[in-house]
Each structure stands twice: as structure tokens, then as C-alpha cells.
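Given only the sequences and the hints, what does the whole structure look like? Please build it.
So the sequence lines, in the order shown, correspond to chains A and B. Note that the working numbering has the first sequence beginning at 1, numbered continuously upward. Note that the working numbering has the second sequence beginning at 1, numbered continuously upward.
None of these hints come from the bench; they were simulated from the model. Please read these numbers as outputs of a predicted model, since none were measured by experiment. For every residue, glycine included, the Cβ atom is placed at its ideal position computed from N, Cα and C. There is no bait here: all hints are sound.
Some chain B residues flagged as far from chain A (calculated, every beta-carbon gap over 12 Å): (1) E63; (2) G99; (3) L102.
List of simulated lysine to aspartate or glutamate pairs, EDC-like, C-alpha gap at most 16 Å: (4) K164/B / E180/B; (5) K185/A / E186/B; (6) K2/A / D154/B; (7) K2/A / D16/A; (8) K164/B / E151/A; (9) K139/B / E171/A; (10) K39/A / E162/B; (11) K2/A / E162/B; (12) K170/A / D142/B; (13) K177/A / D140/A; (14) K139/B / D154/B; (15) K403/A / D16/A; (16) K418/A / D64/A; (17) K403/A / E23/A; (18) K244/A / E272/A; (19) K217/A / E231/A; (20) K2/A / D17/A; (21) K425/A / D76/A; (22) K48/A / E406/A; (23) K52/A / D64/A; (24) K241/A / E273/A.
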Amino acid sequence: MKIEDVVCTFCGCLCDDLVVEVEGDRVVSVENGCTLANKKFMGNNRLKTPIKRDGGNWEKVGLDEAIQTTAEVLLDADRPLLYGWSGTHGEAQTIGVHMAELLGAVIDNTSTVCHGPSIMAIQEVGHPGCTLGQVKNRADVIVYWGSNPIEAHPRHMSRYTTYADGFFLKEAFHERKVIVVDIRKTETANIADEFIMVEPGADYALLSALRAIVRGKGDMLPLNICGVEREQLFRVADICKSAKFGAMFFGLGLTMSRGKYKNIRNAIELVEELNRHTKFTISPMRGHWNVYGSNEVFTWISGYPFAVDFARGIAFYNPGETTSVDILKRGECDACLVVGSDPGAHFPRDCCRHLAGIPTIQIDPHVNATTHLSRLQIPVAVTGIDAEGTAYRMDGVPIRTRKVIETTYPSDSEVLEKIYQIIRKETGS
Amino acid sequence: MFGSIVSYIREFARREWIHKFLFAKTAPLTTPVYSRGFPELTGKTCTHALFCMMACPAPGAIEVIHLDDGGWEPRIHTGHCIRCGLCVEACPNGVLYSGRILESMFYDNTMLSFSFRIDVDTNRCMGCGNCAVACPVNKTIDAQMSHGGRASTDELLLKVSEGKCVVLHPEKCTGCKTCEQQCPNEAIRVARLLEAVHAPEEEL
Ligand code: SF4
Ligand code: SF4
Ligand code: SF4
Ligand code: SF4
Chain A
1 MKIEDVVCTF
11 CGCLCDDLVV
21 EVEGDRVVSV
31 ENGCTLANKK
41 FMGNNRLKTP
51 IKRDGGNWEK
61 VGLDEAIQTT
71 AEVLLDADRP
81 LLYGWSGTHG
91 EAQTIGVHMA
101 ELLGAVIDNT
111 STVCHGPSIM
121 AIQEVGHPGC
131 TLGQVKNRAD
141 VIVYWGSNPI
151 EAHPRHMSRY
161 TTYADGFFLK
171 EAFHERKVIV
181 VDIRKTETAN
191 IADEFIMVEP
201 GADYALLSAL
211 RAIVRGKGDM
221 LPLNICGVER
231 EQLFRVADIC
241 KSAKFGAMFF
251 GLGLTMSRGK
261 YKNIRNAIEL
271 VEELNRHTKF
281 TISPMRGHWN
291 VYGSNEVFTW
301 ISGYPFAVDF
311 ARGIAFYNPG
321 ETTSVDILKR
331 GECDACLVVG
341 SDPGAHFPRD
351 CCRHLAGIPT
361 IQIDPHVNAT
371 THLSRLQIPV
381 AVTGIDAEGT
391 AYRMDGVPIR
401 TRKVIETTYP
411 SDSEVLEKIY
421 QIIRKETGS
Chain B
1 MFGSIVSYIR
11 EFARREWIHK
21 FLFAKTAPLT
31 TPVYSRGFPE
41 LTGKTCTHAL
51 FCMMACPAPG
61 AIEVIHLDDG
71 GWEPRIHTGH
81 CIRCGLCVEA
91 CPNGVLYSGR
101 ILESMFYDNT
111 MLSFSFRIDV
121 DTNRCMGCGN
131 CAVACPVNKT
141 IDAQMSHGGR
151 ASTDELLLKV
161 SEGKCVVLHP
171 EKCTGCKTCE
181 QQCPNEAIRV
191 ARLLEAVHAP
201 EEEL
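What follows is the structure, given as C-alpha cells:
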């Protein structure tokens, strides 16, 4: 059976035009999706039942027992951490936040190690952004700063930016200019009109230089700014200023390099400067398919987008203090529930060591690096394949993901709801 | 030294030498009919089929220029042209001529046939879809493809399936190489195959 308009739940592009063919409880082919989508839909190495660590071995346990154990571990803990949430649907995230509130836990999502700095900068100076639909229909200048969409968001350029024909751009890539700024010549740089190779850690200086040029103060700049010729920056500033509509996208190359959220603030202020000449927007390239959703859900319930600490009975947010990495580094948390993410693969060594030392429980369909740090893992349905739910695309557009096959796995929200109900009963709320 | 100068003057001052020098009898320099010069325009209308550019083996030798009146016209850059005449043979509208190429094509009833071979290196391809969305032939077949990479028909030349670029109808390719130029991973290559064939009778 062929199912049309299937949503790919891999990266923040959240492509909703896939055609998948299913036979029974298996996906047999995927059309229109990139290699990553194909691997996601066709993958068949799922964990079959919940597993529990028993000394050096794993033993199979029943779902109800696993759920009961999870609730008990969280109830016993003094400072539980509920981490992840970017790889699950909004409904499950909602239960997560309510659960954190009841437990007085810290709830944090993967923004803490990716676009947290972007959010902090946006909290300071605002977000002159737009949807990808606007970019596709209007933008004639595209800037990728510190991001390599070809590897991380393969269809970003063909679906939303450079190559897609839009309402005002009938000859898409002939009419659009692409500027790439990165520390190495990436695949995206191969097809850029202008490639600026920036020295690692020099993004802030470069952004400031561009701001100066756009402001008309370019003459006071040195001839070479952190390894980049001033002439090239003049040229790039001209391209940006003469755009009818420009769109800048930035990735972890900007958020996680020296300067962190100050880089993003500077980039936003450059865009503000450009808006004196033309229309220009800026948006983060969100990685996980629903990391934007976790920020939305956290914010609409608690007021804060990530790193929310309920220990005081109220929501408290202080990045650097209530962020997962810091909590784990300080050895503060004494139980951790990981949902829809793989901190074992992304967190610093100290943090992983601490996770391995405390009862860490993972809710995830696959065996991954975090499995090796966990004491219990509950496999669930994959949202977008055998579970449905709402997700937010990287530009904040909510999209309902679809269920294409029937399996016996429970969804994230079903499992979390059961844990939540036990916690409610035990805490008498 | 003085001696050799004298002997030179004596040699050139001979009556016979001066006579031969001034009244040499060689055949007059005329261009033989079979010579191929740089291609020139016949005056027929160029339809921007770009077959000439496709056929030309010399980089930068021929370009099709957009005229002010909206038409098109091939322009030969003589510094680069090697006068092979392939463009003359390739043009379906007889816009160019050079030597007797057009006449001999007419009498021999030959024509150039093009085909293109598209190779996708699936190890390099990320399935990003840039090629399929940018391909100008795809654009005329399926607007959904050119507006964001959704294949709505199997009539397309290229599409992304199973996470890789697949070639569905290589016979529709015009060899423009857009896909090759826009692929970020050097995963797709277009090779031009050029063959002289006997034209079918009705096309004579
Ligand atoms: S670009 Fe991202 S959302 Fe789109 S098909 Fe590829 S992995 Fe899926
Ligand atoms: S004669 Fe040959 S080299 Fe010269 S423009 Fe034509 S095809 Fe190119
Ligand atoms: S060379 Fe062929 S397949 Fe490639 S873009 Fe041109 S027409 Fe399309
Ligand atoms: S061949 Fe190149 S452009 Fe086409 S889908 Fe593959 S990687 Fe992308």
C-alpha cells in the first residue's frame, strides 16, 4: 500500500511530502526523502522489549514492570533530571513538563547543547524570522553561517531555499545567490556563489565587520579581518544589501563556537542593520525533528524554553545553572530519565560518567550510546512511523506527523502517561 | 668578418637572385572549397537548441548570445575554436556553415545524434534532491518537483527514491549538465555520446 504525504521525523526540515510503501508492519520503500529519511524509515534494528541491567547483563522485563520501576526511581530521587524530548511528539513533551512539575524535577531538552545560545540571544534582542514558505517564495539571497545543510538537513536547499522555485522566483537557483560562511569548505560551500572561510572562533569579529560595512563605516576596517579579505566582505555586504529579500540560516558552527550566544546576538543585529536597506530575516537550523516543539511546549507550560527547574515549586530558569550539562557536571542529579535523545553520544565525558553512576532510564526505540549508561530501557513506537503526534518544523510551523504502520509498541505518550499517573497517585495530586 | 659580409653582398647582388626574388611564380593563394574556416552564420533562425555548445570540444569556443531583439545567435570565439565543424553538423536548424559540411551532410544523408549517459555514484549521493529540482527538463514535466522536490509522476527524468537520486528517463536528458554543476557531492555525472548516423529518409 502506498501512503502519500508522509512526514519525515528525522531533521528539523520535517519534510511532509514523502511517499512510503508499506507491506504489513514494514516500510518497503521511501520516495522523495533523502538518505537520512530512507535509513530512518527502513531501519529494522529496534529493541523488542524493555531491558533492565542486571549486574553486567541485560534481562528482559515486562512493560508494566518497567513503567513501575521508572516511576519509583523518579519518586525516590531528590533531584531528578528529565532530559531529551526533541525526538518525541508534543503530546509526550506536555506530559513530561507536568511530570517535572509534580516531581520538582529539572526538565531540559537538547537545545541545551545546540541552539540554547540562539534562544538566549533571541530573548535579548528578538527574532526577525519568517517561515520557510516565505523564504522559498521570496528570498533571492540565502546565507548559511556555520551550518552545512547538505549533511545535516539534506533537503533544505532543494525544498525551501536555493533550488525550489517560488512564487516570485521562477528560475530558482539562477536568481538566488548563496553565501556560505564556515571554517572549512563544506559540501554546501561547493555550490555557493560566495564562500567565506572564517578562522575558528572569529565569527563574532566577522559579523561585527559586516555590521560596520553595512553601516557605511567599512573604511575603518583593516584590510584583512581574521583571515578574510576586506574586499570579500564588501562584496558580500553588497550582495546582501541589494537583495530583495534575504534569509540567513545559522547552525552550531555559530552557536557552539567561541562567543556562543553573543555570536547569535551579533548576527541578529547584523540582520537588523540590513533591514535598513532591504528585507532580511534570520533563523536557526534546528537539528532534531521536534526540538523546536520542545521549546514551544516547555514555554507554553512553564514560561521557559529549556533548562526548567521545578525544585522550588515554581519554574526557574538559569542557563549555566539549570542546564543538564552543568547539573551533571556538578554531580547534582541522582536519577535521570532520557526521552527521545542520545546524551551518551553528545554529552561531555564527565556528564556521561555521572549518568552511568546514577539510575538512568531511557525511553527510546533503539539501542544507542545512552543504552550503555542506562539501567533500564523501554522501547517505544517511532513517531512518524508507528505513532502519530504533533511536531514543530524548524521555522515554528506545527505539523501533524502520521502513523504509517501498526505495531505493538506503545507510543511515548502512552508510556509517559502511565508513569505520570503512578506519580500522581503517589504524590496525592 | 669583413670577408663574410662581402660574400653576402656578392650573393644577393646576383642578377638571377634578384630576378627570382621579385618575379617568383607560385600558385595564387586561394582557399580550397573543402576548407573549413571558422563557422559562420547562414542567416537561419537560431532556436536556442544549444546543440552547438553541447557538441563543441573546445572550451569557450562557442556561445549562444541573447540578442537585443529577443532572439538568439551563436558566437564563435576564434581564439578558442579549433575549426572542427562539429557545431555546424550538430545544429538542427542549419544556423552555422563552414566549408562543405552542410552540403556533404545533405548528399551523404548523415546527421549527428546525441545521447547522454547519467551516472549516479550512490556512495556519494545524499538524496538531497538538488539535481532533480534544478533539472530544466524535470521543470517542464512536473511543477511539484521544481517547487520543492516532490515527484508526482514517473515521467520525470530524475527523482529521489530510496534516499538516492535515480534516473528514470535518460532519453529525455538534453545534456545541460545543470545537475552535475549543482550537486554538492560530485555524485552525478553526465557524459555526452556523439555519433554520426544516417538520417532517416523522411528527415532528408
Ligand atoms: S531533509 Fe530532513 S526531514 Fe527532509 S527527508 Fe531529509 S531527514 Fe527527513
Ligand atoms: S568549429 Fe568546433 S571548435 Fe569551433 S566552435 Fe564549432 S565545435 Fe567548437
Ligand atoms: S544534464 Fe540532463 S539530467 Fe542533468 S539537469 Fe540537464 S537535462 Fe537534467
Ligand atoms: S546526485 Fe547530488 S544533487 Fe542529486 S540527490 Fe544526489 S547528492 Fe543531491
